[in-house]
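**Q** Given these sequences and hints, build the entire structure.
Protein chains: 2
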Amino acid sequence: MAKRVGNRTIILQNHPHITGYGSVVGKKEHEGPLGKEFDSFSVDSRFGEKTFEKAESRLQMLAAQKAIERADVRKNEIDLIFAGDLLNQCIGSSFGLRELGVPFLGLYGACSTMALGTALASIMVDCGAAKIAAAVTSSHFCSAERQYRFPLEYGSQRTPTSQWTVTGSGALVIQIDENGSSPYIEKVTFGEITDLGVTDSNNMGAAMAPSAASTLKHFFHDTSTGPEDYDVIYTGDLGSVGTQLLYELMDDEGYNLRCHHSDCGLMMFDMKKQNVGAGGSGCGCSASILASFIMHRFMEGDFHNILFMSTGALLSPTSTQQGESIPGVSHLINIKKD
Amino acid sequence: MAKRVGNRTIILQNHPHITGYGSVVGKKEHEGPLGKEFDSFSVDSRFGEKTFEKAESRLQMLAAQKAIERADVRKNEIDLIFAGDLLNQCIGSSFGLRELGVPFLGLYGACSTMALGTALASIMVDCGAAKIAAAVTSSHFCSAERQYRFPLEYGSQRTPTSQWTVTGSGALVIQIDENGSSPYIEKVTFGEITDLGVTDSNNMGAAMAPSAASTLKHFFHDTSTGPEDYDVIYTGDLGSVGTQLLYELMDDEGYNLRCHHSDCGLMMFDMKKQNVGAGGSGCGCSASILASFIMHRFMEGDFHNILFMSTGALLSPTSTQQGESIPGVSHLINIKKD
Numbered sequence: 001m002a003k004r005v006g007n008r009t010i011i012l013q014n015h016p017h018i019t020g021y022g023s024v025v026g027k028k029e030h031e032g033p034l035g036k037e038f039d040s041f042s043v044d045s046r047f048g049e050k051t052f053e054k055a056e057s058r059l060q061m062l063a064a065q066k067a068i069e070r071a072d073v074r075k076n077e078i079d080l081i082f083a084g085d086l087l088n089q090c091i092g093s094s095f096g097l098r099e100l101g102v103p104f105l106g107l108y109g110a111c112s113t114m115a116l117g118t119a120l121a122s123i124m125v126d127c128g129a130a131k132i133a134a135a136v137t138s139s140h141f142c143s144a145e146r147q148y149r150f151p152l153e154y155g156s157q158r159t160p161t162s163q164w165t166v167t168g169s170g171a172l173v174i175q176i177d178e179n180g181s182s183p184y185i186e187k188v189t190f191g192e193i194t195d196l197g198v199t200d201s202n203n204m205g206a207a208m209a210p211s212a213a214s215t216l217k218h219f220f221h222d223t224s225t226g227p228e229d230y231d232v233i234y235t236g237d238l239g240s241v242g243t244q245l246l247y248e249l250m251d252d253e254g255y256n257l258r259c260h261h262s263d264c265g266l267m268m269f270d271m272k273k274q275n276v277g278a279g280g281s282g283c284g285c286s287a288s289i290l291a292s293f294i295m296h297r298f299m300e301g302d303f304h305n306i307l308f309m310s311t312g313a314l315l316s317p318t319s320t321q322q323g324e325s326i327p328g329v330s331h332l333i334n335i336k337k338d
Numbered sequence: 001m002a003k004r005v006g007n008r009t010i011i012l013q014n015h016p017h018i019t020g021y022g023s024v025v026g027k028k029e030h031e032g033p034l035g036k037e038f039d040s041f042s043v044d045s046r047f048g049e050k051t052f053e054k055a056e057s058r059l060q061m062l063a064a065q066k067a068i069e070r071a072d073v074r075k076n077e078i079d080l081i082f083a084g085d086l087l088n089q090c091i092g093s094s095f096g097l098r099e100l101g102v103p104f105l106g107l108y109g110a111c112s113t114m115a116l117g118t119a120l121a122s123i124m125v126d127c128g129a130a131k132i133a134a135a136v137t138s139s140h141f142c143s144a145e146r147q148y149r150f151p152l153e154y155g156s157q158r159t160p161t162s163q164w165t166v167t168g169s170g171a172l173v174i175q176i177d178e179n180g181s182s183p184y185i186e187k188v189t190f191g192e193i194t195d196l197g198v199t200d201s202n203n204m205g206a207a208m209a210p211s212a213a214s215t216l217k218h219f220f221h222d223t224s225t226g227p228e229d230y231d232v233i234y235t236g237d238l239g240s241v242g243t244q245l246l247y248e249l250m251d252d253e254g255y256n257l258r259c260h261h262s263d264c265g266l267m268m269f270d271m272k273k274q275n276v277g278a279g280g281s282g283c284g285c286s287a288s289i290l291a292s293f294i295m296h297r298f299m300e301g302d303f304h305n306i307l308f309m310s311t312g313a314l315l316s317p318t319s320t321q322q323g324e325s326i327p328g329v330s331h332l333i334n335i336k337k338d
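Protein chains in written order, with our numbering: chain A, 1 to 338; chain B, 1 to 338.
Think of the hints as simulated: they come from the structure by calculation, not from any bench. We put the beta carbon where it would ideally sit given N, CA and C, even for glycine. Some hints could be false.
Stated by the list, open to error - Partial list, derived from the structure: chain B residues whose beta carbon lies under 10 Å from chain A:
#1 K3
#2 N7
#3 N88
#4 F104
#5 L120
#6 D126
#7 D195
#8 L257
#9 C259
#10 H260
#11 E324
Unchecked claim - In silico DSS-like links for lysine-lysine, alpha-carbon gap of 27 Å or less:
#12 B:K217 / A:K75
#13 B:K36 / B:K217
#14 A:K131 / B:K336
**A** Take a look at the structure:
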C-alpha cells in the first residue's frame with residue numbers, strides 16, 4: 001500500500017526502481033554541455049522521417065527502446081506505458097509508441113509530463129497494478145515552433161524571456177528490483193494548477209514558477225525536510241527568469257534554494273553561446289536530462305537523494321488568443337539510491 | 001495491493017466506490033432519449049461564456065461540482081483529479097479545473113479518457129495513494145468541429161459515417177465507501193494502441209473497433225468470462241459503423257456481443273430524428289452517460305455487474321494531413337454493486 005503523509009505527499013513503500021533509461025536528442029542539444037551524456041543524437045532534425053512530427057514520434061520510440069534494452073526486459077513484458085508530449089492530441093506519443101504493443105496511458109501535462117508519467121508508473125509498480133511500467137515523453141523544436149509560435153521559415157524574432165524547445169526524448173523503465181542496486185522512487189507529490197495571471201506566452205518561466213513553489217512547499221511541509229536534505233533539487237524547465245522567481249517565492253516561505261538547485265532548462269544549453277533566450281524547455285528537456293545525466297550521477301554514486309520536479313505551462317495558442325492567463329502545474333518525485 | 005490476473009487485467013481488492021457523479025449536457029443532448037437523466041443542460045451552447053472553449057471548461061467545472069456535492073465531500077478533501085478532453089493542449093480541463101485547488105493529473109486519451117481517468121482514480125484509491133480521487137472529461141460540438149473539421153459557419157456537409165461530437169461532461173468521485181452501498185470498480189484493463197490502417201477521419205468508429213475488440217478479448221481471456229456474464233457491456237463511442245465491426249471482430253473470437261452490448265454513441269441521440277450520422281462521439285459522450293444513466297441504473301438496482309469501455313481515436317488534423325492512419329485505444333473498467 002502507498003501511504004499518504006501530510007496534505008499531498010505519497011510514500012511508495014515497495015521502492016519501485018528505475019532499471020532502464022534511455023535518451024535521444026537533436027544536434028543543438030548534443031552540442032550543449034551535456035552532449036556526451038545522451039545515448040544518441042541526430043544531425044538530421046527530421047531523424048530520417050518526412051516531417052518534424054514523425055521525427056518526434058521516432059525520438060520517443062528510440063528513447064523507449066534504449067530504456068527497455070538497458071532494463072534487460074522484453075517489450076512485451078512491460079505492463080503499462082505512460083506517455084505524452086506537446087503536440088496537439090499528443091501524436092508524438094501515440095504514433096511513436098504504436099508499434100510497441102503495450103497498454104498505453106496517454107498524458108497531457110505540458111513540460112510536467114516526465115515527472116507525472118514517472119510518478120504514475122512508480123505508483124502502479126509499487127501497488128502491484130503493473131510488474132513493469134514505463135514512462136516516456138518528448139519535444140521537438142521544429143514541431144513545437146510551428147504549432148505554438150510560427151513556422152520556422154518565417155524567421156520570426158524571439159523575446160529574451162522566451163525559452164527554446166528542446167529536441168529530445170527520455171524514457172524510464174520502472175520495476176521492483178530484486179537486488180536493489182538501482183535508484184528508486186520513494187515519494188511523489190502531485191501539484192495543483194496555479195495561475196497568478198501571467199499572460200505572456202513568451203515568458204513561461206514566470207507562469208510556471210508559482211506552481212513549482214507551491215508543489216515544493218507542500219513537499220517540504222509534508223516531509224518535514226528542506227533544501228539542504230537533498231543532493232540537488234532539479235526543476236524542468238523554469239529557465240533563467242522562472243528560476244529567479246522560484247528562489248524569491250521560496251525565500252518568502254523561508255527556504256533558500258540557491259545552493260541546492262539546478263534547472264534542466266539552464267543545463268541543456270550553453271547559455272552564453274547557444275542563443276536560447278531564457279533557456280531550454282519542452283517535455284523532452286527534463287526527460288532527456290533525467291534519463292541521462294541524472295541517472296549517470298546515481299549510477300556513479302554521486303547522488304543518493306534528489307528531488308526531480310517537472311513544471312508545465314497549460315496554455316494553448318487558442319487560450320492565449322482568447323486572452324487567458326497561463327496556468328502552471330508541477331509534479332515532484334523524490335529519487336533515492338541506497 | 002492490486003493484483004494482476006492474466007496478461008492485462010488488474011483486480012482492485014479494496015473496492016473503490018463511486019460515491020459521487022455529475023453530468024451536464026447541451027441542448028441537443030437534452031432533447032435526446034436520455035435527456036432526463038442528466039443533472040443539468042443549457043440551451044445556450046456557450047454556457048454563458050464568450051467562447052466555445054470556455055464553455056467546455058465551464059461544463060467540466062459544473063460536472064465536477066455536482067459529483068463533489070453528491071459525494072458529500074469538500075473539494076479540498078479530494079486528493080487527486082484526473083481530467084482530459086479533446087482540445088489542443090487539453091485546455092477544457094486545465095482552465096475548467098483551475099479554480100478547484102486540487103492536484104491535477106492531465107490525461108489525453110481522446111474518447112477513451114473517461115475510462116482511463118476512472119481506472120487511474122480507482123487504482124489510486126485502491127492502493128492508498130489517494131483517499132478521495134475524481135475523474136472528469138468533456139467534449140463540445142462547436143469547439144471540436146472548429147478544431148478537427150471546419151468552423152460551423154462554413155456549413156460543410158458531413159459524411160454518413162461521421163459521428164456527432166457530444167456537448168457534455170461527466171465526473172465521478174471515487175473513494176472507499178465504509179457502508180458499501182454505492183457501485184465499485186473491481187477490475188481494470190488498459191488497452192494497447194491498435195491500428196489496422198483506417199485513414200478516413202470521418203469514420204472513426206471503424207478506426208476504433210479493432211482496439212475495442214482487442215481490449216475486450218484480453219479482458220474475457222484474463223477473467224475467464226464472456227458477454228453473458230454482464231448485465232450490459234457499454235462502449236463509447238463506436239457509433240453504428242464501429243459497433244457492427246466490433247460484433248464481427250468479436251464473432252471471430254467466438255464471442256457474440258449482440259444481446260449484451262450498448263454503445264453510448266448510439267444511446268445519446270435519436271438516431272432516426274436527430275441527424276447525427278453514425279452516432280455521438282467525444283470524451284463527453286460516454287462520460288456523461290456513465291455519470292447519469294448508468295449510475296442511475298445501479299442506484300435503482302437494475303445493474304449489478306457491467307463493463308464500461310471507452311474507445312479513443314488518437315489522430316490529429318496534422319496526422320491526417322500527413323497521410324497517417326488512425327490509431328485507436330480502448331480502456332475497460334468492470335463496475336459492480338453488491
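**Q** Give a verdict on every hint.
**A** Do the hints match the structure? See the list:
1. K3: At 6 Å from the nearest chain A Cβ, K3 of chain B passes the 10 Å test, so the hint holds.
2. N7: holds, 9 Å
3. N88: holds, 4 Å
4. F104: holds, 5 Å
5. L120: With Cβ-Cβ at 7 Å, under 10 Å, it holds.
6. D126: Because about 7 Å separates D126 of chain B from the closest Cβ in chain A, which is inside the 10 Å limit, the hint holds.
7. D195: holds, 6 Å
8. L257: violated, 22 Å
9. C259: violated, 29 Å
10. H260: Given a least distance of 24 Å, the restraint on H260 of chain B is violated.
11. E324: holds, 6 Å
12. B:K217 / A:K75: holds, 20 Å
13. B:K36 / B:K217: violated, 34 Å
14. A:K131 / B:K336: holds, 25 Å
The structure is inconsistent with the numbered hints 8, 9, 10, 13, although it conforms to all the rest.
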